[in-house]
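Peer 1: Sequence:
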Amino acid sequence: MARQPPPPSVHAAILLFLLSLSGAIKIPMDPSIQNELSQPPTITKQSVKDHIVDPRDNILIECEAKGNPAPSFHWTRNSRFFNIAKDPRVSMRRKSGTLVIDFRSGGRPEEYEGEYQCFARNKFGTALSNRIRLQVSKSPLWPKENLDPVVVQEGAPLTLQCNPPPGLPSPVIFWMSSSMEPITQDKRVSQGHNGDLYFSNVMLQDMQTDYSCNARFHFTHTIQQKNAFTLKVLTNNPYNDSSLRNHPDMYSARGVAERTPSFMYPQGTASSQMVLRGTDLLLECIASGVPTPDIAWYKKGGDLPSDKAKFENFNKALRITNVSEEDSGEYFCLASNKMGSIRHTISVRVKAAPYWLDEPKNLILAPGEDGRLVCRANGNPKPTVQWMVNGEPLQSAPPNPNREVAGDTIIFRDTQISSRAVYQCNTSNEHGYLLANAFVSVLDVPPRMLSPRNQLIRVILYNRTRLDCPFFGSPIPTLRWFKNGQGSNLDGGNYHVYENGSLEIKMIRKEDQGIYTCVATNILGKAENQVRLEVKDPTRIYRMPEDQVAKRGTTVQLECRVKHDPSLKLMVSWLKDDEPLYIGNRMKKEDDSLTIFGVAERDQGSYTCVASTELDQDLAKAYLTVLADQATPTNRLAALPKGRPDRPRDLELTDLAERSVRLTWIPGDDNNSPITDYVVQFEEDQFQPGVWHDHSKFPGSVNSAILQLSPYVNYQFRVIAINEVGSSHPSLPSERYRTSGAPPESNPADVKGEGTRKNNMEITWTPMNATSAFGPNLRYIVKWRRRETRETWNNATVWGSRYVVGQTPVYVPYEIRVQAENDFGKGPEPDTVIGYSGEDYPRAAPTDVKIRVLNSTAISLQWNRVYPDTVQGQLREYRAYYWRESSLLKNLWVSQKRQQASFPGDRPRGVVSRLFPYSNYKLEMVVVNGRGDGPRSETKEFTTPEGVPSAPRRFRVRQPNLETINLEWDHPEHPNGILIGYTLKYVAFNGTKLGKQIVENFSPNQTKFTMQRADPVSRYRFTLSARTQVGSGEAVTEESPAPPNEATPTAAYTNNQADIATQGWFIGLMCAIALLVLILLIVCFIKRSRGGKYPVREKKDVPLGPEDPKEEDGSFDYSDEDNKPLQGSQTSLDGTIKQQESDDSLVDYGEGGEGQFNEDGSFIGQYTVKKDKEETEGNESSEATSPVNAIYSLA
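Quick note on our numbering: the sequence shown kicks off at 2 and runs consecutively.
Certain hints may be false.
No more than 27 Å apart at the CA atoms, straight line, and that leaves these computed lysine-lysine pairs for BS3-like [claimed, not checked]:
{"id": "1", "residue 1": "Lys301", "residue 2": "Lys233"}
{"id": "2", "residue 1": "Lys339", "residue 2": "Lys27"}
{"id": "3", "residue 1": "Lys552", "residue 2": "Lys507"}
{"id": "4", "residue 1": "Lys145", "residue 2": "Lys233"}
{"id": "5", "residue 1": "Lys362", "residue 2": "Lys46"}
{"id": "6", "residue 1": "Lys300", "residue 2": "Lys362"}
{"id": "7", "residue 1": "Lys552", "residue 2": "Lys589"}
{"id": "8", "residue 1": "Lys300", "residue 2": "Lys339"}
{"id": "9", "residue 1": "Lys124", "residue 2": "Lys67"}
{"id": "10", "residue 1": "Lys986", "residue 2": "Lys1009"}
{"id": "11", "residue 1": "Lys511", "residue 2": "Lys552"}
{"id": "12", "residue 1": "Lys96", "residue 2": "Lys511"}
{"id": "13", "residue 1": "Lys339", "residue 2": "Lys352"}
{"id": "14", "residue 1": "Lys941", "residue 2": "Lys898"}
{"id": "15", "residue 1": "Lys67", "residue 2": "Lys362"}
{"id": "16", "residue 1": "Lys552", "residue 2": "Lys570"}
{"id": "17", "residue 1": "Lys923", "residue 2": "Lys941"}
{"id": "18", "residue 1": "Lys759", "residue 2": "Lys301"}
{"id": "19", "residue 1": "Lys643", "residue 2": "Lys590"}
{"id": "20", "residue 1": "Lys622", "residue 2": "Lys507"}
{"id": "21", "residue 1": "Lys233", "residue 2": "Lys188"}
{"id": "22", "residue 1": "Lys698", "residue 2": "Lys891"}
{"id": "23", "residue 1": "Lys511", "residue 2": "Lys622"}
{"id": "24", "residue 1": "Lys923", "residue 2": "Lys851"}
{"id": "25", "residue 1": "Lys507", "residue 2": "Lys570"}
{"id": "26", "residue 1": "Lys891", "residue 2": "Lys923"}
{"id": "27", "residue 1": "Lys759", "residue 2": "Lys784"}
{"id": "28", "residue 1": "Lys527", "residue 2": "Lys511"}
{"id": "29", "residue 1": "Lys352", "residue 2": "Lys50"}
The hints are simulated quantities; they were obtained by calculation from the structure and are not laboratory data.
Treat the numbers as computed from the prediction; the structure is a model and nothing was measured.
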């Protein structure tokens, strides 16, 4: 029974599925990789399709190609093999396919004209050049002819025909006299595009010269000259008075009859013209008439494209550059003078040679991957597509079960090494062709790193940075990042991994410093590279320069103190008025300041301190004002009182014009601070009455300005003055001034087309304000049409800022235009914006979802993408919904909360990370567009392997006494597998000294441990982690409590205040203090009782200076510099001297009150006070008397 072919719908489904495939590998530009990989040939250089050569030179037909191995070359001529070896004139350049045809030994270049094609071949395929049409340039001589004199009546039209000989390429035509003087051309006399010379009307002065047509040939650089025309003009006025040439009515003055215009070229009232897309369209109208007619150009049903249209030859020619389909239609030229007018209509049809929509690109795949080649072109007529492989038609090539042709697309499934070839796409119509080569290469390459190894990256704290890790491999490797050689894959949170392998750290912290390792893996192996990241402190100016007001001739210092990372080199520079500051001999620049000596008026301005390192910089600015008044203080805060300026007054409008007006005002008082700026505001009473808008800003030195105005606005102005203190109150408004209206000169901005429902499209824009309306009844002409169909435009007139198009298909592109219009006319032709109708929920789910477990916390996903027409909107992302179904550990409750992972864009693979180890998971995939989620895929189940556990919970360290330490902990919150035990590491430390680390291993059920201390002084640091078969998990660290003698003094006092009186050290301290006090009292008593010959009565009112301790009578004061007690001071227990409030009391030597030295308190106390005062007046410093000195003085 014969097998029935599948229905067309099946073919369409397969096609759409495979069209969505990508995954082609891009070969990096690294020369080492380029040279190592095998590659089919690629044409890199070739001659143009129409190759015109100079017959005097050797012929060169270029063809260059690359490939690995290097390709060989051969040629065809007129579709037949061109045997180069048989022609001695023809050779091929070494390592190239370029043909060289040498005529030095004779030969005719015309014999080699024809169509050439180059073939570049190696063992992986054959690439083709374009079909190169070789032609030899020709510059034929002008045929000899005798020209009779041309006789014409003055005022009549005249055409002098050139008829140049046909050349290749066409020659450049210009007219000259036989004496090689150029013919003056103007509106009346001009050369047409065909080379003829046209006289709209002949005047008597035209016969003063002869006329010769000249042809310049490009390649031969020769000029051929035609025999000259002799012109005879018959006239009713034989006098050629030159003064009549500029006469306002020159023709009637010479007796020439006036005539209505008529066309000299083209003939008749209508003609047609065909032009190719992308070329220039040249329309020409030359008319006769008296007076000389003016030419104007128009397009029926629209305006001329202002951005592409330009007028030439005194408006007789219209050139439209880079023609597109929109330029087709009917154009007409209007020739007019005061006698009348005529018009000629030219119907323009735009055709198109093929042009690319999707040019096929080289396809590099890994074994077993799928791919496609697309060759999509457009043209008018619609071009046909022909596929070839290695230069042969695809139909005659050996069958390939892994290859399927679907029109302009070739689909490859499960490619193998044998699938390598070069494919050619030839698309053509009657106007031309396009030929493109695209090879299919299948590579099997283990991962390779492309960047230098062990790079150092330095970055500023809190900045964002990206670590690059370019790699290559086939199949495309999976890339993962690790920090410091351990931990899980870095992705999520503060990290983001891009598809190209770069790791982005969103905000750098100190703990991010370290060594980062990127690992690329595919089925053939793995490769890794390391990047060392150093985090530096930012550069900051913590003491900035301040604004200053200085008087002329003084010194000013601007501070600039900087804090920066000490490992970076700091540079501090200064700018003045945003330009580099020249440090002259009046300035001194230090690390933290800038000093200006002898300030002058030229020093006034803004000063900017720039502190920079090789990684960052910081700026701080201050303004220096220099005043000539010598009495003005340098501190701005101490200057004369300043205030905001008074409001300007007496506003006046003069020089009233259509689009401008002059505004004049009288400034108010500046209140001791010069006015720096004036702000002119306006208010209009149509769109936003009562709302003031800024119009312009002017320097404080002006009080009159010309304001540019918009049409149809009823203006009212006011002025605000500004100084360094602030802004004045606004002035009183000026009188109103209304400008005349005009059509809008712009269109609304931010035009958008978006669907709010699945069957509509809302067109919105930013409405124009009063200054852009230019006239009353501002409205908007909204146009739209389907983009693909090129249907006629739909339109609506809207007064608001939105319009909703209903009953639209789901998510199709529309061309949108919004044009402003008022009662004076329409605005300029608007730009075309692409919008989309509303989206609907996707109709299909990803299929063939495959899961590969990468490690205990991550999986790799791969899926078949949905057909584009099932997305029904813009594909935002593929999304995986997954949840933890259960743990492989018995009796462990788990949360089944659904989580999601997003994969933006149209991609077929992704990675889900941050999973729980040793768990059962379920997963579903959806496709997401702007409307929401599509249907869910088939539910997939997977199991994560065992991992390392989390840290043990509630780790507690207690010290009941000085001999033992108790440790307790709870099981980890996430075992992530079967626990096989705990590992405890501890080490003794005393200050900076560390002991030997001790390791203890416990069973999984043990959660307590008691340790015997080796000594009562050292502390201990404990690190505890749980273990599974995979390894140790996250550790938790605690330290033992500090012993009591390391507690703070305040705490010690609080805890022991009840027992301090019973402490032995305290009793001994108190006894020592009592003994010292007793000794001091004895010394003081003895010194007071041995007054001797102290002159109490004679000198009680005369103070003794320290420089004269002896009296004239030989008496001596026992209180000498060595032994005398300190005035007003007391020696503390630690030997320091404490200053007291009173300088004249001996009570300070003891702890009691006044009068402890005698029982009645009468004589000794009084005498002592007086003696102390007399001894110490004028002597403010003395030395403490130690107990040793006191005993020595007793001797």
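Peer 1: Work down the list of hints and note, for each, if the structure agrees.
Peer 2: Hint-by-hint comparison with the structure:
1. Lys301 to Lys233: Answer violated: lysine 301 to lysine 233 is near 42 Å, above 27 Å.
2. Lys339 to Lys27: Violated, because 70 Å separates the two Cα atoms, which is more than 27 Å.
3. Lys552 to Lys507: 50 Å, violated
4. Lys145 to Lys233: Holds, because 22 Å separates the two Cα atoms, which is no more than 27 Å.
5. Lys362 to Lys46: Holds - the C-alpha atoms of lysine 46 and lysine 362 are around 17 Å apart, at most 27 Å.
6. Lys300 to Lys362: Cα-Cα ~41 Å, so violated.
7. Lys552 to Lys589: Holds, at roughly 19 Å.
8. Lys300 to Lys339: At roughly 23 Å apart (the allowed maximum being 27 Å), lysine 339 and lysine 300 satisfy the hint.
9. Lys124 to Lys67: 13 Å, holds
10. Lys986 to Lys1009: 14 Å, holds
11. Lys511 to Lys552: Violated. Lysine 511 to lysine 552 sits at ~48 Å, over the 27 Å cutoff.
12. Lys96 to Lys511: 57 Å, violated
13. Lys339 to Lys352: With Cα atoms ~39 Å apart, lysine 339 and lysine 352 exceed 27 Å; violated.
14. Lys941 to Lys898: 17 Å, holds
15. Lys67 to Lys362: 16 Å, holds
16. Lys552 to Lys570: 37 Å, violated
17. Lys923 to Lys941: 6 Å, holds
18. Lys759 to Lys301: This hinted pair is violated, its Cα atoms lying about 38 Å apart.
19. Lys643 to Lys590: 32 Å, violated
20. Lys622 to Lys507: Not satisfied, since the Cα-Cα distance of roughly 30 Å exceeds 27 Å.
21. Lys233 to Lys188: 21 Å, holds
22. Lys698 to Lys891: Roughly 78 Å between the alpha carbons, so the hint for lysine 698 and lysine 891 is violated.
23. Lys511 to Lys622: 30 Å, violated
24. Lys923 to Lys851: Holds. Lysine 923 to lysine 851 sits at ~13 Å (cutoff 27 Å).
25. Lys507 to Lys570: Holds. Lysine 507 to lysine 570 sits at ~26 Å (cutoff 27 Å).
26. Lys891 to Lys923: Within the cut-off at roughly 19 Å; holds.
27. Lys759 to Lys784: The given pair, whose Cα atoms are some 20 Å apart, holds under the 27 Å limit.
28. Lys527 to Lys511: 31 Å, violated
29. Lys352 to Lys50: Given pair lysine 352, lysine 50 holds - Cα atoms ~20 Å apart, limit 27 Å.
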